[in-house]
Amino acid sequence: MASSSGTCSGSTLMHNSGSEEDLKAMLELKKRKRMISNRESARRSRMKKQKHLDNLISQVTHLRKENQHIITGVNITTQHYLNIEAENSVLKARVGELSHRLKSLDEIITFLNASNGVFGAGDSSSFTEPHDSLLNPLNLQYLNQPIMAAAADMFQR
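So the sequence shown is numbered by the working numbering: it starts at 1 and just counts up by one.
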């Protein structure tokens with residue numbers, strides 16, 4: 001029996017050593033597959049990261065161009081605003097000047113209306129249009145009016 005148990009154990013040992021080699025080979029194969037899988041995963045990860053980086057660089061370029069376009073638009077709009085402000089200032093000055101001239105002309109008309117025909121055609125109607133009485137050569141009575149000067153004004157130096 002001893003020999004049979006030895007034979008059995010030798011056969012089991014040989015079988016075990018074959019299994020161990022198969023197990024080692026299988027573990028080595030799994031290890032190799034895992035290593036290949038990890039490398040492939042790392043490669044995919046690097047590619048994904050590179051693609052994301054390329055997209056970000058592209059987005060930065062696009063946003064910089066858009067920003068430059070907006071800055072140009074703001075500069076143009078600011079220039080238009082400044083031009084309009086300058087034009088507005090000129091127009092306000094003209095409004096002031098024209099208002100002053102209108103006020104002066106109103107004062108002249110008021111004075112002429114208060115004269116009651118001294119400068120007009122002799123009727124008591126109000127003065128309406130200056131070209132009727134002032135420019136009509138037949139109604140230039142005001143040219144015949146004497147000019148009076150004070151004696152003090154004549155001898156001053």
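These are computed hints drawn from the structure, not numbers from a lab.
Every value quoted in this text rests on a predicted model; they were computed, and no experiment measured them.
Note that beta-carbon positions come from the ideal geometry of N, C-alpha and C, so glycine has one too.
Treat the hints loosely; a few may be bogus.
Simulated restraints, written as ranges between beta carbons of each label pair [as the list claims (entries may be wrong)]:
#, residue 1, residue 2, range
1, L29, H52, 43 to 53 Å
2, S19, Q59, 57 to 67 Å
3, K49, L23, 32 to 42 Å
- Taking each numbered hint in turn, which are not upheld by the structure, reported in ascending numerical order? Violated hint (a single one): 1; every other hint is consistent with the structure.
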